[in-house]
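Novice: Residue numbers (our numbering), protein chains in the order written: chain A, 26 to 276; chain B, -14 to 185; chain C, -14 to 185.
Heads up, a few of these hints could be off.
These stretches of chain A come out as covered by chain B in the derived footprint (C-beta under 8 angstroms, 3 or more residues) [as the list claims (entries may be wrong)]:
1) 50 to 59
2) 67 to 78
3) 126 to 137
Going by beta-carbon spacing under 10 angstroms, a handful of chain B positions derived as facing chain A [stated by the list, open to error]:
4) S17
5) V18
6) R44
7) G57
8) F61
9) E66
10) F88
11) E89
12) T90
13) A106
14) V108
15) V111
16) D114
17) S115
18) V139
19) R140
In short, the hints are calculated from the structure, not lab data. For each residue, glycine too, the CB sits at the ideal point set by N, CA and C.
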Amino acid sequence: MAAVFDLPLDLDAFEGPFDLLLTLVLKEELEPAEVDIAAIVISFVERLADRDELDLEACGEFLVLIASLLELKARALFPEEDAELAELEPEEAAEELARRLAEYRRMKDAAAWLGERLAGERERFFRVGPAPLAPRPDRTLAPQDPQQLAAALRALAEPPPQVSLSHMGLRFPPVGQFLARFRAVLGRRRRFDFDAEVEGLNRIEQAVAFLALLELRKTGEVALEQAAPFAPIRVSRSDEERKSEWTVRSA
Amino acid sequence: MDRPLRLITANPVDQLARTIEALLVVASAPLSVDELAQAADDDTVRIETALGLLSDRYREGRSGIVLEHVAGGYAFRASREAADACGRLFERPVERGLSQAAFETLAVVGYLGPCSRPEIARVRGVAADSAVAGLLERGLIAEAGRDDGPGGAVRYQTTPLFERVFGLESIAALPRLDDLGESTEEIRERLHSVAVGKTA
Amino acid sequence: MDRPLRLITANPVDQLARTIEALLVVASAPLSVDELAQAADDDTVRIETALGLLSDRYREGRSGIVLEHVAGGYAFRASREAADACGRLFERPVERGLSQAAFETLAVVGYLGPCSRPEIARVRGVAADSAVAGLLERGLIAEAGRDDGPGGAVRYQTTPLFERVFGLESIAALPRLDDLGESTEEIRERLHSVAVGKTA
Chain A
26 MAAVFDLPLD
36 LDAFEGPFDL
46 LLTLVLKEEL
56 EPAEVDIAAI
66 VISFVERLAD
76 RDELDLEACG
86 EFLVLIASLL
96 ELKARALFPE
106 EDAELAELEP
116 EEAAEELARR
126 LAEYRRMKDA
136 AAWLGERLAG
146 ERERFFRVGP
156 APLAPRPDRT
166 LAPQDPQQLA
176 AALRALAEPP
186 PQVSLSHMGL
196 RFPPVGQFLA
206 RFRAVLGRRR
216 RFDFDAEVEG
226 LNRIEQAVAF
236 LALLELRKTG
246 EVALEQAAPF
256 APIRVSRSDE
266 ERKSEWTVRS
276 A
Chain B
-14 MDRPLRLITA
-4 NPVDQLARTI
6 EALLVVASAP
16 LSVDELAQAA
26 DDDTVRIETA
36 LGLLSDRYRE
46 GRSGIVLEHV
56 AGGYAFRASR
66 EAADACGRLF
76 ERPVERGLSQ
86 AAFETLAVVG
96 YLGPCSRPEI
106 ARVRGVAADS
116 AVAGLLERGL
126 IAEAGRDDGP
136 GGAVRYQTTP
146 LFERVFGLES
156 IAALPRLDDL
166 GESTEEIRER
176 LHSVAVGKTA
Chain C
-14 MDRPLRLITA
-4 NPVDQLARTI
6 EALLVVASAP
16 LSVDELAQAA
26 DDDTVRIETA
36 LGLLSDRYRE
46 GRSGIVLEHV
56 AGGYAFRASR
66 EAADACGRLF
76 ERPVERGLSQ
86 AAFETLAVVG
96 YLGPCSRPEI
106 ARVRGVAADS
116 AVAGLLERGL
126 IAEAGRDDGP
136 GGAVRYQTTP
146 LFERVFGLES
156 IAALPRLDDL
166 GESTEEIRER
176 LHSVAVGKTA
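Start from the sequences and build out the full structure, keeping to the hints where you can.
Specialist: Here it is, written out as structure tokens:
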């Protein structure tokens, strides 16, 4: 087991023991896509080769961990390909994989060629950028119309359009005002028609009146009825009994 | 077009060669034959003749200044003989070695042409973000449009500096890499047998 | 062309001269004798001898590359003979227009007279630093003293080039702005109060 977790790694994206790498990946502090899994496998195999006996338990543990890591990485790299690849027949999948591996192999060869090439060009020095005494060309501007200057200054003298602040001026009547009003109505009558009661008020006042109605409903002071959506709302006094019952329960 | 040409033809190629020397010593990047012809106000055939003279005059072993055909044009560089002296005074354009990831990314971009980060990651099997950022910073690759469609990924291509640093006459001077047919076939067969074994 | 070359070849400092050529063609700033000596790993007396040879080899009328002794040391330049060709190489396309920020800044400096950056920013309601830098580089405005008081800010005024570009006989020929105020002072006040409204 120890052979797996303390496996020292030296990757492009990470340097340290394997268990720390797993922790970072699980905590999402390290992108699985950044992890070179082949390098981890090589490190593990090298360590196995260094030891005399084969620790099968460690190998199994490693396989499980590395497979999970590989799956995480594959999902992170090719989120959109899950479905696409799942539809392939095994033979097609193998063909696709072979194609990709061959392409990657070619790119690795190309990378190696570039590396050798660059090493071979270390003796080639050249200047990048302007020469010390290169001519410094003037920038030339096409003829311009002086009226554009006048227009620019006029635009600067134009006061900016006033931002509408009208919504800040909306006056909301207090909900309490409607609570008192509806209680007063219910003191006189057992029921009333909400729509008739708020008729003639503006939309804001109607909205606040409706809030007051909901408040009364919440406290159990009224019962509401509506025959159909958008039909008039009937407001009625709830029975004295129910009211006291509610009072007891909520106490 | 004819008259000035005849006039110019009266000038010896020697003088044209001096003009080209002058242009190359102040240029900040390699100059193509067309650019030289336009600046020197002369025709490309004579430019090429003059470049021939200059190639002989400015060559390794004969001069500290060497004329080279690179990145689609002509440019002066220091002779290899002077590399130690140059190394004491100047940084190489790619001073610190590139990582394996950077070389692979450069290979993908160089060989496959403009491609996006997801495409590079697809080929390499590893995200290419930091390699791409490093190559951009060194000026070896540059942005080259976007993938089709709204919000398409940014594409990258190699720059003339890449060609210059790697001493390539052009991007087409990269070696062909299709001589790996055999190993591709091997990989395919091996995978094929695995797949058949699974379904059996 | 051949004979003097043979002369150099016979000279014991010939190889040093080639190294110096190489260093100078790579350098992006003039190199001093000390820098050359350090890079070439040679002594300054021999460097100066080699520079003498090179001055003769790379001189006007003989070569398109000319070795020049300037303030910071030695550098190559293009020969005067090739000035036209270099001019064509470095020619910049004519720019068609200016940005809105540039027009505003130019209008402020043109109409209100010499202004400092803080003043331009006060009148426009936004900082003017990059617009001022761009106009300076184009030569449309130039420095014109400083604001009063110790450490006063640099003032800018329009240039004769500005008048040429805008086809004005003089700065007084700018279109009239009577609608904005009787005097420069009134216009300034008005712009200032609008700008305050903008930033509020």
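Novice: All hints are to be evaluated individually against the structure, with a verdict given for each.
Specialist: Cross-check of the supplied hints:
no.: 1; hint: 50 to 59; in the structure: holds (count 3)
no.: 2; hint: 67 to 78; in the structure: violated (count 0)
no.: 3; hint: 126 to 137; in the structure: holds (count 12)
no.: 4; hint: S17; in the structure: violated (16 angstroms)
no.: 5; hint: V18; in the structure: violated (19 angstroms)
no.: 6; hint: R44; in the structure: violated (14 angstroms)
no.: 7; hint: G57; in the structure: violated (15 angstroms)
no.: 8; hint: F61; in the structure: holds (7 angstroms)
no.: 9; hint: E66; in the structure: holds (9 angstroms)
no.: 10; hint: F88; in the structure: holds (4 angstroms)
no.: 11; hint: E89; in the structure: holds (4 angstroms)
no.: 12; hint: T90; in the structure: holds (8 angstroms)
no.: 13; hint: A106; in the structure: holds (6 angstroms)
no.: 14; hint: V108; in the structure: holds (6 angstroms)
no.: 15; hint: V111; in the structure: holds (6 angstroms)
no.: 16; hint: D114; in the structure: holds (8 angstroms)
no.: 17; hint: S115; in the structure: holds (8 angstroms)
no.: 18; hint: V139; in the structure: violated (18 angstroms)
no.: 19; hint: R140; in the structure: violated (17 angstroms)
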